[in-house]
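*Asks:* When you get a sec, could you build the whole thing from the sequences and use the hints?
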Amino acid sequence: MDFDFLPKLPKSNLDDRTFKDLVEECILRIPRYCPEWTNHNPSDPGITLIEMFAWLTDQMLLRFNQVPRRNYVTFLELLGIRLNPPTPARCELTFYLSISQPSEVRIPFSTEIATVRTETEEAVIFTTDRELVIGNPQIKHLLTAETEEEIPQQLRDRTPDNRQWQNLEETFLFEQVIPGNCFYLILEDPENSLVGNVIAITFKGESATTTGINPDAPPRQWEAWNGINWQPILRLKDDDKTKGFSFSEIADPLAGADVILHLPQQLPETDFGTNYRGHWIRCIYTVPSETQPSYSRSPSIVGLAARSIGGAVDATQCIRVENEFLGISNGKPGQSFALQSQLSLERVREQGEYIQIRTVEGGIQDWLEVPNFGGSHPEDEHYTIDSQTGIVQFGPLVREPSQLQQATQQRGQVQSVGRIIRRENVDTRNFAYIQPQSTSNGGNVVLERQYGQVPPLGAEIYMMAYRTGGGSWGNIQAGKITVIKSSIPYVKSVINYQPARGGTDAESLDEAVIRVPELLRTRESAVTPEDFERVAKAAANRGVARVHSLTKPEHTTAGIVRLLVVPKKVDIDDFDFHRGMHPDEYFDLSNQLKTEILDYMSDRKPLGVQVKLEAPEYVGVSVETEVFLEPQYNNPRDQEAIRSQLLSALYSFLNPLIGGLEHQGWELGRCVYPSDIFAVCHQIPGVRYLGVVKLYSLRKFGGDWFRADIPEPEIDPGSLGLICSWDNPHPQLVSGHIIEFRD
Numbered sequence: 001m002d003f004d005f006l007p008k009l010p011k012s013n014l015d016d017r018t019f020k021d022l023v024e025e026c027i028l029r030i031p032r033y034c035p036e037w038t039n040h041n042p043s044d045p046g047i048t049l050i051e052m053f054a055w056l057t058d059q060m061l062l063r064f065n066q067v068p069r070r071n072y073v074t075f076l077e078l079l080g081i082r083l084n085p086p087t088p089a090r091c092e093l094t095f096y097l098s099i100s101q102p103s104e105v106r107i108p109f110s111t112e113i114a115t116v117r118t119e120t121e122e123a124v125i126f127t128t129d130r131e132l133v134i135g136n137p138q139i140k141h142l143l144t145a146e147t148e149e150e151i152p153q154q155l156r157d158r159t160p161d162n163r164q165w166q167n168l169e170e171t172f173l174f175e176q177v178i179p180g181n182c183f184y185l186i187l188e189d190p191e192n193s194l195v196g197n198v199i200a201i202t203f204k205g206e207s208a209t210t211t212g213i214n215p216d217a218p219p220r221q222w223e224a225w226n227g228i229n230w231q232p233i234l235r236l237k238d239d240d241k242t243k244g245f246s247f248s249e250i251a252d253p254l255a256g257a258d259v260i261l262h263l264p265q266q267l268p269e270t271d272f273g274t275n276y277r278g279h280w281i282r283c284i285y286t287v288p289s290e291t292q293p294s295y296s297r298s299p300s301i302v303g304l305a306a307r308s309i310g311g312a313v314d315a316t317q318c319i320r321v322e323n324e325f326l327g328i329s330n331g332k333p334g335q336s337f338a339l340q341s342q343l344s345l346e347r348v349r350e351q352g353e354y355i356q357i358r359t360v361e362g363g364i365q366d367w368l369e370v371p372n373f374g375g376s377h378p379e380d381e382h383y384t385i386d387s388q389t390g391i392v393q394f395g396p397l398v399r400e401p402s403q404l405q406q407a408t409q410q411r412g413q414v415q416s417v418g419r420i421i422r423r424e425n426v427d428t429r430n431f432a433y434i435q436p437q438s439t440s441n442g443g444n445v446v447l448e449r450q451y452g453q454v455p456p457l458g459a460e461i462y463m464m465a466y467r468t469g470g471g472s473w474g475n476i477q478a479g480k481i482t483v484i485k486s487s488i489p490y491v492k493s494v495i496n497y498q499p500a501r502g503g504t505d506a507e508s509l510d511e512a513v514i515r516v517p518e519l520l521r522t523r524e525s526a527v528t529p530e531d532f533e534r535v536a537k538a539a540a541n542r543g544v545a546r547v548h549s550l551t552k553p554e555h556t557t558a559g560i561v562r563l564l565v566v567p568k569k570v571d572i573d574d575f576d577f578h579r580g581m582h583p584d585e586y587f588d589l590s591n592q593l594k595t596e597i598l599d600y601m602s603d604r605k606p607l608g609v610q611v612k613l614e615a616p617e618y619v620g621v622s623v624e625t626e627v628f629l630e631p632q633y634n635n636p637r638d639q640e641a642i643r644s645q646l647l648s649a650l651y652s653f654l655n656p657l658i659g660g661l662e663h664q665g666w667e668l669g670r671c672v673y674p675s676d677i678f679a680v681c682h683q684i685p686g687v688r689y690l691g692v693v694k695l696y697s698l699r700k701f702g703g704d705w706f707r708a709d710i711p712e713p714e715i716d717p718g719s720l721g722l723i724c725s726w727d728n729p730h731p732q733l734v735s736g737h738i739i740e741f742r743d
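Residues in the sequence shown are numbered from 1 upward in steps of one, following the UniProt record's numbering.
Quick caveat, the hints were computed from the structure, so don't treat them as lab data. The C-beta atom is built at its ideal place from N, Cα and C for all residues, glycine as well. Treat the hints with caution; some may be incorrect.
Computed Cβ-Cβ distance ranges for the label pairs, DEER-style [stated by the list, open to error]: (1) K20 <-> P631: 17 to 23 Å; (2) F741 <-> A708: 22 to 28 Å; (3) D314 <-> P553: 39 to 45 Å; (4) G212 <-> A708: 29 to 35 Å; (5) F741 <-> G227: 39 to 45 Å.
*Replies:* So, in structure tokens, the structure goes:
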């Protein structure tokens with residue numbers, strides 16, 4: 001291994017002789033040891049033997065000169081540096097029932113679901129992160145409001161007195177038929193089991209009533225309150241079988257039509273300060289577009305019902321192993337055992353992932369995993385696990401001479417005084433927690449230190465549960481996880497509507513060597529802007545591609561550190577950049593990622609400093625250009641191949657992860673110029689020259705993306721902006737690049 005990424009300091013090899021030097025040295029020694037040997041030509045058999053000997057010696061010296069690099073790796077081991085294990089991909093899985101049930105349907109925790117196994121690819125297995133309960137929703141209240149409010153207050157109760165929802169008097173859903181009108185449904189469940197459920201709400205209406213809208217594009221939006229804001233819950237347009245409450249378009253309106261809604265996994269009960277408590281969902285009459293007819297009259301209903309038809313739950317790409325027998329303790333310190341699966345994921349103790357010791361007397365002890373034994377007392381029930389190798393290690397016994405122990409104690413006392421000065425209310429007893437035991441060894445006093453308790457002799461050691469898996473191969477496309485590994489009553493199917501993301505391979509030695517200098521400099525503390533960037537990036541375990549700390553005075557506030565975070569949700573080595581990366585899909589800074597980073601940084605930042613995580617202001621770029629090819633490439637087949645190469649090059653260049661001049665991601669705040677496009681396109685074989693290059697910007701306003709009507713001489717994203725590009729599959733927004741060939 002050649003650490004060519006480390007600083008190059010002047011140094012020499014332990015032995016710098018080359019193959020040529022060895023051959024010449026042997027030939028020079030021939031007259032001394034064998035004077036009668038006078039033919040030193042390369043054709044002489046003796047010279048052949050010398051060259052063979054020199055080659056063998058050269059190979060030995062090559063290995064010998066690698067000793068310093070091996071010492072570097074040994075130094076990493078001495079520091080306790082471990083290679084980070086692979087991280088698993090995660091996604092949301094949606095289960096559907098074969099038929100709605102009157103009672104709860106439970107999908108157990110750690111249920112296995114997989115992709116389809118083929119002749120060339122093994123199945124990728126995911127397991128559910130929690131138990132999914134598909135409940136039985138009940139409609140508690142029907143409310144209407146004239147205006148859309150974040151915290152609804154102006155409400156009118158439309159609930160029937162007897163709560164007979166099947167046969168209602170004609171009830172209007174919108175009060176004044178103006179945009180902003182909405183109605184609320186308050187749901188309840190006796191077992192409080194609607195979290196993540198897929199529900200079907202059946203609306204019944206009169207056949208003779210019309211609303212004036214286009215049934216294929218109704219101006220309405222369904223939302224649910226997730227405890228923080230209102231979240232859209234209508235996944236597909238076709239999930240609204242009522243077509244925006246256009247009952248005149250339904251064959252049998254009195255039988256009703258369903259609206260399929262996907263409730264979020266965060267669905268708390270609330271009352272917004274009113275008398276109506278439960279799970280709130282609503283339907284809003286939105287502002288129609290220019291080509292979208294508005295409601296001419298309020299839709300009305302004569303019946304209402306709700307039922308659950310499925311549910312969604314998060315899943316992780318892994319296999320869960322339970323009650324694995326590791327071995328029997330021999331009662332000696334430093335015992336180690338191996339898990340059957342080497343690559344194990346981070347253990348979660350709350351899910352029963354720990355080691356249990358079962359003694360000969362029948363006692364049961366649940367031991368605690370620690371990162372190392374540096375803070376372990378002799379009576380502490382501690383162990384470590386190497387996630388890369390699957391080795392379980394119990395506390396070692398360290399023996400050292402008394403002179404070394406005295407010097408260590410003196411250094412420890414000096415360091416303890418320094419820590420006490422910097423901190424207050426420190427219990428100094430923690431600095432002398434080890435009671436050394438002295439033994440005599442040939443007149444020399446030897447001290448023994450036990451770090452962590454030793455499992456009792458004859459005790460059986462069990463790993464109660466652990467998960468194995470992870471890696472970039474778990475980043476599965478949407479709609480591919482469809483196989484339920486075990487039969488679950490009443491469950492018909494499962495699917496992932498979104499791709500599985502976040503899977504990364506295990507850390508390599510090269511990557512570990514790169515991060516060690518930073519680790520030694522600050523020991524995971526965040527003080528300087530560079531420290532905050534490094535710690536924030538390390539928090540998500542390679543789930544963050546870039547972090548930028550804002551340092552300019554106009555962007556900073558006293559006591560607050562602002563960080564711009566660019567997530568990394570895909571493995572860029574395997575990603576197809578032919579269609580680019582939509583920022584809403586690939587660079588969304590989720591609340592889960594924010595929480596993970598902030599929790600990690602809370603113990604590593606100075607006291608009193610607040611960390612604020614933000615996403616850069618993403619600005620899209622759409623390129624339109626004319627391309628002139630070399631004469632031999634002016635045919636349909638070559639044009640299509642070159643078009644594909646040009647699009648892939650442009651999407652890769654205008655990308656936050658791999659774009660820019662250095663291919664390390666587009667620089668924060670850097671503008672896009674037509675000259676950049678010329679430089680990228682001219683690298684494609686077959687391109688003779690380019691005609692006019694037009695740059696169109698795409699910016700986000702109020703949750704929607706808008707494309708500039710006229711081209712711009714340059715696209716400036718602003719000091720906090722980041723350039724990206726993508727091909728939008730929806731025809732109403734042209735965001736992709738347009739290549740036209742000219743003769």
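*Asks:* Confirm or reject each hint.
*Replies:* These are the hints, each one checked on the structure:
1. K20 <-> P631: 17 to 23 Å: violated (52 Å)
2. F741 <-> A708: 22 to 28 Å: holds (25 Å)
3. D314 <-> P553: 39 to 45 Å: Given range 39 to 45 Å: holds, Cβ gap about 42 Å.
4. G212 <-> A708: 29 to 35 Å: holds (34 Å)
5. F741 <-> G227: 39 to 45 Å: Violated - the Cβ-Cβ distance for F741 and G227, about 53 Å, lies outside 39 to 45 Å.
Checked against the numbered hints given earlier, the structure breaks hints 1 and 5 and satisfies all the rest.
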